[in-house]
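Residue numbers (the working numbering), protein chains in the order written: chain H, 1 to 112; chain R, 1001 to 1112.
Treat the hints with caution; some may be incorrect.
The list that follows gives simulated cross-link-like pairs (lysine-lysine, BS3-like), each with its CA atoms no further than 27 Å apart [stated by the list, open to error]: (1) 3/H - 71/H; (2) 57/H - 3/H; (3) 55/H - 70/H; (4) 1042/R - 1002/R; (5) 55/H - 1094/R; (6) 71/H - 1002/R; (7) 1045/R - 71/H; (8) 1042/R - 1079/R; (9) 71/H - 18/H; (10) 1002/R - 57/H; (11) 1094/R - 57/H; (12) 1079/R - 57/H; (13) 18/H - 57/H; (14) 1002/R - 55/H; (15) 57/H - 1045/R; (16) 13/H - 55/H; (17) 55/H - 71/H; (18) 3/H - 70/H; (19) 53/H - 1094/R; (20) 70/H - 1002/R; (21) 55/H - 18/H; (22) 70/H - 1094/R; (23) 1094/R - 71/H.
Simulated from the structure, these hints should not be mistaken for lab results. Keep in mind it's a predicted model, so treat the numbers as computed, not measured.
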Amino acid sequence: DVKVTQSSRYLVKRTGEKVFLECVQDMDHENMFWYRQDPGLGLRLIYFSYDVKMKEKGDIPEGYSVSREKKERFSLILESASTNQTSMYLCASSSTADYGYTFGSGTRLTVV
Amino acid sequence: RKEVEQDPGPFNVPEGATVAFNCTYSNSASQSFFWYRQDCRKEPKLLMSVYSSGNEDGRFTAQLNRASQYISLLIRDSKLSDSATYLCVVILPKYGNNRLAFGKGNQVVVIP
């Protein structure tokens, strides 16, 4: 069974802190994605990666960066957290052979 | 024009009734389509793929209309457990078929 694991379910951080959100998948998927989901706005793509050390900007990359040093791990970094980054963050992975995404259970981040 | 558009609802459905909703997509080159289900405060999960000929999975039926560029989902004999948000998902061919576009979802509330 495909599994995507996000390191934290709930997180509270202070404005200006550097925040790391970790995502690990165990199915050898090539593609990994970071989304944020806000009421009324749906899922918005922040960054994605098709391969190790490769990254592409999504629709809302400002204020975020990512790292993919190993195939199974894709990290999202908030360089200096702000209150407007309070959101649900969802990681997903997929294989090029099967386009369906598998999502992690999400990290609900609150920036105070 | 947004890549995927859905009427958010909510769709209030009496238990046992049938409910159907559509979503429209803007890129006529899109080849693959999905419906995802998202329960409150949970991650989206794949419900079913949508094939050109239409497909059925128990009480759920998905249809594709390429000429009018919409896909539909029909739920028969609605159960209380069907209450969720149903996300319409389309593959974006310009990204090598590795990136999906998500609608904002149709919220379904099944009423006893």
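Cross-check of the supplied hints:
1. 3/H - 71/H: 14 Å, holds
2. 57/H - 3/H: Satisfied, since the Cα-Cα distance of roughly 24 Å is no more than 27 Å.
3. 55/H - 70/H: Between residue 55/H and residue 70/H the Cα gap is close to 12 Å, so the pair holds against 27 Å.
4. 1042/R - 1002/R: Since the Cα atoms of residue 1042/R and residue 1002/R sit roughly 25 Å apart, the hinted pair holds (cutoff 27 Å).
5. 55/H - 1094/R: Cα-Cα ~17 Å, so holds.
6. 71/H - 1002/R: Violated, at roughly 32 Å.
7. 1045/R - 71/H: 22 Å, holds
8. 1042/R - 1079/R: Holds - the C-alpha atoms of residue 1079/R and residue 1042/R are around 19 Å apart, at most 27 Å.
9. 71/H - 18/H: 23 Å, holds
10. 1002/R - 57/H: Holds. Residue 1002/R to residue 57/H sits at ~18 Å (cutoff 27 Å).
11. 1094/R - 57/H: 15 Å, holds
12. 1079/R - 57/H: 40 Å, violated
13. 18/H - 57/H: 19 Å, holds
14. 1002/R - 55/H: 24 Å, holds
15. 57/H - 1045/R: The given pair, whose Cα atoms are some 24 Å apart, holds under the 27 Å limit.
16. 13/H - 55/H: 25 Å, holds
17. 55/H - 71/H: 12 Å, holds
18. 3/H - 70/H: Distance of about 16 Å is within 27 Å: holds.
19. 53/H - 1094/R: 22 Å, holds
20. 70/H - 1002/R: 34 Å, violated
21. 55/H - 18/H: Distance of about 20 Å is within 27 Å: holds.
22. 70/H - 1094/R: Status holds; Cα separation ~26 Å.
23. 1094/R - 71/H: Distance ~23 Å between residue 1094/R and residue 71/H Cα, so the pair holds.
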